[in-house]
Amino acid sequence: MKNKINLLPLVISMLMLISSCTKQLDLSPISSVGEGNFWKTSDQVDAFVNGVHARFRTHVQRFLFLGELRADIQGTDPGTNSSFTGESTAGNERMWNNTLSLDAAGVSDFGGFYSNINQLNLLISKLNTTNVVTPANKSYYLGIAYGMRAFYYFQIYTAWGKAIIQTEPTSTIDISSLAKAASPEADVIKLIKDDIEKSLTNYGSTYTYRNSKGFWSKSASLMLKGQVFLWTSNRGGGAGDAGIAKIALIDAQTNGNVSLQASFANIFATTNRGNSEVIFASRHLLNEATLPIANFLPQTNLLINYFDSVGKRKFDVTVDNWGGTYFFPMMISTFRRFNDRDTRKWASIQPCYRLSGTNYTMAGVFVAKYKGEQNAGVRALTNDYIIYRYADLLLLLAEAKVLLGESPAAEINLVRARAYGAAYSVATDAFPNQAIDANPKEAILHERYCEFILEGKRWLDLRRMGDNYVYKYTNIKSNEAYKLLWPIDRTTLTNNKLLEQTPGYPAF
Amino acid sequence: MYDIYGFSKINLKLQLTRMKKALLILSISFFWLGSVLAQSSKISGKVVASEDGSPLAGVSISIKGKTSGVQTTKEGTFTIDAGTKDLLVVSFVGYQTQEIRLGGLLTIEVSLKPDGAKLGEVVVIGYGTQSRRNVTSAISKLDADVLASVPRANIGSALQGSVSGLQVVNSTGTPGASPLIILRGGASINNPGSPLVVVDGIIRAFNDVSSNDIESIELLKDAAATAIYGARANNGVILITTKQGKVGSAQISYKYTTGFNKNRPGYEFMNAKDFIYYNRLGNLNSQRTLAQVNATRGYGLLTGAADLGSFDIRAYTPANANLLSMGWDTVGDPYGGTIIFKDHGGEMNDIIFRNTRTQDHFVNLTGGNDKGKYYASFNYYNEDGVVIGTNYKRFTADINGSYKVKPNVEVSSSVNMSTSSQLGTIASESNTFYRSLAVWPTFNPWLDSAKTLANPGNSNTDGNPVYWLNKTKRTNEVNRITASAAIKWDITKNLYLKATGAAYLLENLDESFTKATQLYPNVFATPQTYNNTLRPSTAFFSRSFQTQYNAILNYTKTFNKRHNVNAMAGAEFFNTRAFDMQVLGTNAPTDEVSTANASTVFAAGSNYSTRSEYAIASTFGRLNYDYDQRYLLSLVFRRDGVSSLSADNRFGFFPGLSAGWNIHREKFFKNSSLSNIVTTFKPRVSYGQNGNVAGLGRYEVQGAYGAQALYNSNGGFLYTGISNTDLRWEKSKTTDIGLDLGLLGNRVTFVFDYFDRVTSDLLTNLALPSYTGFSSVKTNLGSYLNRGYEFTLNTTVLNKPSSLRLELGANASFVKNKILKLPFNGNENNRQGGLQIYDPVTGKVIWVGGLQEGKALGDIYAFKQLSIFKDDAEIAKVAGNRWDQVALIGGPGRAGINKIAAGDVNWLDVDKNDTIDSRDQVNVGNIYPKWTGGFTLNLSYKGFSLYTRFEFATGHTIYNDLLARTLGNMQGTLNYFVDQKNAWSTTNTNSDLPRVYYADQVAAPIGKKNYTRINNAGAILNSNNSRMYEKGDYFAGREITLSYDLSRGLLSKSKIFTKGRVYVSGSNLFYVTKFSGATPEPPVSGGAMSGFYNGSYPVPKSFVVGVEVSF
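First to last, the sequence lines map onto chains W and P.
Position one of the first sequence corresponds to residue 193 (this note's numbering), numbered consecutively onward.
Position one of the second sequence corresponds to residue 22 (this note's numbering), numbered consecutively onward.
Incorrect hints may appear among the rest.
Label pairs and their calculated CB-CB ranges [as the list claims (entries may be wrong)]:
1) G626/P to E692/W: 36 to 44 angstroms
2) G727/P to S234/W: 49 to 57 angstroms
3) D747/P to V324/W: 25 to 33 angstroms
4) G503/W to L311/P: 41 to 49 angstroms
5) G727/P to T446/W: 50 to 58 angstroms
These aren't lab readings, by the way, just hints derived from the structure by calculation.
A virtual CB, placed ideally from N, CA and C, is assigned to each residue, including glycine.
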């Protein structure tokens, strides 16, 4: 009997042990910030804006692919079908061959851009309700958020035409209505233009740059505005849109405090970040991030069997340690389109030769614009990826002027004068004295070609100026107009039932 | 100060107190050793086997409640001192234990009946034990023979083919690696999950537990059995019980095993002559220019100093003809001309693989009396892997004891410690088996003729691994300490209370340092240069500290002699805290200091520390009832509250119910003639629920803002996880119908189970449309069915104790899965992923593969290779107007640049529309095995015994990417398997392998996408060439052991040794399979079967000799 009496306190104490433990089940994260604890202080908002730029940096390779790879810069040389160092193109040839399909879409999942659009949506919604940041910062950050969002949607619009419009942050997932259709192109371009205006309104008269031009700025929004309105000007917007573009570009030119660098090569130097020519650049600092262009560069150990005819030297394993795998070769013809007196030729492209006896014969070329920096024997590709710079502004302005029937000479010649440097001769080099200047649009296209190798511009330039330029300069025929847009990859189609394949591409 | 280590000072003190207690108990147990005396008369007797009356040697005779005991002699006789009231216990392995009331007898003869041991054994069931006779749920027990001989770096391998219901797959042969273990096909769609492992009541991994210390391994399979572990038991429970002290005189045992391991041969590569010829022929077929070919590494004719120094290949000229006398050879170049080369084929193979040794020393000490028991052991294990650079080393120490401080109070404690080190391959395993082995056979891996200076090659995958091992310093240290203390208080004769506290500390310290390195051009530069002087030094440390406190009350009573009741109730609190940190420094100025203090750069993101915590609070109970051991009933429940769910959904209740009927104990059965044959007949049925939240992160439901990479030297945060407080438990409902059958005095036993498990509220990742900004979201909206059968058969074919004994065992399991429900996403069958093919039956395009309601997991679809086009005439006839949209090539009737050529694949045009596109695919199998199981055969004759164990798995198909990648030469310069010589050529038009090209995956004319199709050299399971999918069915010889029991021979007269055994054993001896790679086991990637074979490290063949003595 006595033992049975002992039982009761035992059972009670056991139950108490358990009930006291339930409180110990309330655990909060230690090494991340729980949802309820963010947006409380201004430095959290600062960190979020920084985070948005860090995510933007992860999309740089997609910007490059979408902007350039399907044009007339990369490719294998006639009569060959791999890079000069023997590396295969590993399937990437579908981009410059323009044989993309839903299983080889080149860029899948809309570039992953929505992963940042959602963050921007959240930033906009929180900035509109928070008062932890100063009014000045609030406006600046809203300027960034709307501007960058417009930039993303413009990338999607130019690549896929129609786009799913999402302007609210995802806070909960309603799995019963996940499918969402793409909106017509007109709606997308309207959103882009509206966002640009909101960005500019928020910036107000603030033209200052932050983070050494590593942050989006008012001038960046103005550049985007110029680019967008030139696009629509060529697609029915006519002189009206060209005029808007011109005003925006002149605004940035007048108030943006930018000027051309004296030396072309110096624009990209890792020691010259955020220089006077830069408007907005995605920053790549040592030990933070590297420019994802290793596949545009040859393997060091294969390269060292070739020669540089200019320096009359064999490539060296420690000096020419480009350290790539050459999946995206550049064509020799790209190099040959430059005038020899054009400093951009030598600053942008490295030619490689075979030497037999004393005869140098061209073997191949690769991009030399982004030299990175040497770090413990390894070349770290730590160049900033410039989204907008002053030469771009000048040539867009020239384009606007051409559309408005004005002379583009002043802007083009500023760019040419810097490019030719000491060799510049007004008589032979200045607009309108070159043969190509007979057609100012062609002159601008060529100037932009030489200026922006591997800056992700060429394909978009051809598209902006008019689809006939695409048929003229790429291997796409005019009866393959569907190829002007990109196909949507299989997974993306599968995950969203209301999404349709870009018309013209095989559904299987 | 201690707070940074993740537990409070109070906990630490508690811990120390517990350890002190444990030591105290142990020392007391030693003191009590052998202090028991007996006083009574001499009893003599003989023990014989009931089958043939032959004497049984080595039978244990003891007196119930006392420690003294003797063993029978070779003639089966014994003498023992005993009193008239004593109960004599006669026990012998393989026989039923008998208890004999002496009642004044001075000589007795005992006839022992063979035990249907499998049906009479004691099984561990979680917070208790039960006799197999009363078990009503699905529980398997590992045969002790499996652990007896073969030294094991990881005991997971012992489970392979030896327990029904488990799929055990060796994912790698790296010594010490744990195999993939899946119960009954896994309970989840995304994440199969492995069973919960409980070692002596402590939840932990079984890695580093010495197999020598293991007393038994049980597997709880159905929900009625596992419900006692509730929330974590969805995938089954593996219960490991280690050896404890035993009543009896002190015994010291020593076991030494040593042996050697041999690589399991894989594919054969071409020699240099064939390598040069076929690669250059492939280049010619791919229309590459001679300049491009000669610019290529390996088979090109590069003339730089580094290339000439590293590659023994040149254009043949009269000037270098003298090389022919120095072991060089020539080969005709398909481009014209002659090439002179030296063959280094096979050298890399000889560098990478080696025959290695395993050593296993084990010593233990055990003893005890009616007051105290103790056990102590020490184990050293060391195994070098057959791939250079791999090793596993382990020390374990185990000490436990118990002591009765009062007649009704027993305290016990145990400490188990291990420290181990595991080193893997220097490059990734798939690169070792793909790239390193396929390295150019013209490459000389040595810089000097004495072969002391290794050539680094082009990287650690494309060079001599000896160089890279010398440049890398790696250490790994995993420390595991479990400590527990318990007190058991017998409150009354029927009721006891047991309280246990246990702690488990797991630490992992991983360091690596790479010195300044060169590549081959640096070696041949004058002066020599470095390629990389970053000198990264990494120190990674992780620690988790886990505590468990529980108390159980147990009540056992028999009412009215027939109503047997056993009731148990308990509560438990479980907490674990994790801490991880890494220091990664670079740019050190010297090779001499390997630690990061010499580094000068510490990048953000690579240097971090993180913490997390997780807790579960539980109550549980069990009621076992039987009426006269005829009608058996068991009720179980557990209620768990877990910290990783939101407060509203935190608690889950998991019940289990099972019932059985021992029909053989019924009178009507005993009276029937059937009872002459059928000894045991127990049908049983069970139903239960249990849960799982293992797929959920510790704070996942709370959402998160996570740190981003630095941007312009500033830190950033983004919204990285949506909060989802609605998430709940996954719940499995399992029905199990089983039968335990024993025939002919249980000489034949048979256990059968049918199970049906539906897991609902599955924590499933739903792929999201990208506009949401997230790639997937975790939901509770899946439901998944596993259904299958399990059979276990054990028979004693011959049982002549004096001479021949033959036992056979077999088990087999069949499992099928089906997805019942998926999150609604608007697609038909709520499909996720998958692809569309033309269905010739309905004439429609249908969705297959991926995840679909009503479909099985793991089906594979591919393009069917009908044949290889023999010649142009056949192409014109069969595929004149064909358009191959995948390779972008066409038949002669199609306008276009690139044409289908002789030697390309003739694909099955399923929809007969002259277009080969992704619709033209067919099912080529499923990645999961359907049948798995094993056999054992145990033959003994006098002191000799032969033990063999086999394992099999059938029904799985493997995509052999290694084969496709190598034969398709997707890298472009590496070596081919010799199989390429049998491929289509102008002189061999009858082949099932396509013509050789330079790089199969690149657009025509370089490649024709013959060897691969859509995957473009990526790791995609579906949509490749059917020829590269192979059946993985296999039958494996896991163990053959021949042993000789010295105690029945040489040692029988010895006074020193009580037991002795010597043996030789071979393990993992062979696979009988049609699969062409080194191992046909289902490939594993990321903790799940992937179906994608890219060259795994096969488990080596091992041969050992061992000796075991006790004295």
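Right, here's what the structure says about each hint:
1. As the Cβ distance of G626/P to E692/W is approximately 40 angstroms, the hint placing it in 36 to 44 angstroms holds.
2. The hint said 49 to 57 angstroms for the Cβ distance between G727/P and S234/W, and at roughly 20 angstroms that hint is violated.
3. A C-beta distance of roughly 29 angstroms is found between D747/P and V324/W, which places it inside the suggested range of 25 to 33 angstroms.
4. For G503/W and L311/P, the Cβ-Cβ distance of about 27 angstroms falls outside the hinted range of 41 to 49 angstroms, so the restraint is violated.
5. Range check, G727/P to T446/W: about 41 angstroms between beta-carbon atoms, so the 50 to 58 angstroms window is missed.
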